[in-house]
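Asks: Sequence:
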Amino acid sequence: MAKAENPTRSQSDLLLDIRNLKIEAKVYPPGEAPRAITLVHDVSLSLKRGKVLGLIGESGAGKSTIGLSSMAYGRGGVRITGGEVILNGRDILKLGPSGIRAVRGREVCYVAQSAAAAFNPAHKLMDQVVEASILHGVATRAEAEKRAKALFKKLSLPNPDTIGDRYPHQVSGGQLQRVMTAMALCSEPDLIVFDE
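Numbering (this note's numbering), first residue to last: 1 to 196.
Some hints here could point you the wrong way.
To be verified - Simulated pairs of lysine to any residue, SDA-like, Cα-Cα distance not exceeding 20 angstroms:
hint	residue 1	residue 2
1	K63	T181
2	K22	I37
3	K146	L135
4	K94	A116
5	K149	L135
6	K22	D42
7	K26	K63
8	K51	R141
9	K63	F194
10	K146	T162
11	K124	R141
12	K94	V78
13	K124	L135
14	K94	R19
15	K51	D13
16	K94	L15
17	K94	T162
18	K26	D13
19	K51	K26
20	K22	K94
21	K154	S172
Source of the hints: derived by calculation from the structure; they are not laboratory data.
Could you put the whole structure together from the sequences, leaning on the hints where they help?
Replies: This is the structure:
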């Protein structure tokens with residue numbers, strides 16, 4: 001006789017478990033008092049380790065907003081007002097600023113839609129790609145640069161040994177997008193959020 005599965009979710013195989021997420025933004029209509037509007041209401045999803053999860057919806061449906069919540073982040077007046085974001089077994093919404101900084105760039109990384117906006121134009125690509133790995137103690141500078149160059153090669157970037165010496169404006173948009181992907185992979189995070 002087969003053993004019945006436990007209907008409760010096993011935390012050990014879950015990487016990300018978002019429960020009853022609520023996200024709001026403050027709007028300022030002309031001639032009216034500012035008010036909060038709900039952007040995301042009661043969204044729940046879970047992602048097992050080693051799996052891929054895609055969010056599908058029309059433009060403005062909240063896909064990016066939900067994706068950013070996995071980093072406990074809300075951009076430009078957007079804030080998470082309810083629910084839980086459980087990453088690696090703990091609710092990161094309860095970690096506080098220093099705890100969240102420790103998670104971002106190490107356990108979860110984000111690949112933005114606009115690569116150009118994700119890079120500082122005043123710094124070389126390599127400096128930006130290896131920054132999180134060094135900051136979080138994942139690798140030494142030399143180890144991180146070696147990994148970055150291997151990722152550049154794997155992502156079919158031209159001149160993988162020297163492209164990191166360039167500044168963001170010195171590579172094409174498509175190349176910059178791949179460099180940003182290498183930046184997300186370099187610190188070997190548990191979760192990478194790709195925004196389209």
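Asks: Confirm or reject each hint.
Replies: Cross-check of the supplied hints:
1. K63 with T181: holds, 19 angstroms
2. K22 with I37: Status holds; Cα separation ~11 angstroms.
3. K146 with L135: At roughly 16 angstroms apart (the allowed maximum being 20 angstroms), L135 and K146 satisfy the hint.
4. K94 with A116: Roughly 32 angstroms separates the two Cα atoms, so the pair is violated.
5. K149 with L135: holds, 18 angstroms
6. K22 with D42: holds, 6 angstroms
7. K26 with K63: Given pair K26, K63 holds - Cα atoms ~19 angstroms apart, limit 20 angstroms.
8. K51 with R141: violated, 30 angstroms
9. K63 with F194: OK: K63 and F194 at ~11 angstroms, within 20 angstroms.
10. K146 with T162: Holds, because 12 angstroms separates the two Cα atoms, which is no more than 20 angstroms.
11. K124 with R141: OK: K124 and R141 at ~14 angstroms, within 20 angstroms.
12. K94 with V78: holds, 17 angstroms
13. K124 with L135: holds, 17 angstroms
14. K94 with R19: holds, 14 angstroms
15. K51 with D13: holds, 10 angstroms
16. K94 with L15: Within the cut-off at roughly 17 angstroms; holds.
17. K94 with T162: violated, 41 angstroms
18. K26 with D13: violated, 36 angstroms
19. K51 with K26: This hinted pair is violated, its Cα atoms lying about 34 angstroms apart.
20. K22 with K94: holds, 15 angstroms
21. K154 with S172: Holds, at about 17 angstroms.
Figure legend: structure checked against the earlier numbered hints; hints not met, in rising order: 4, 8, 17, 18, 19.
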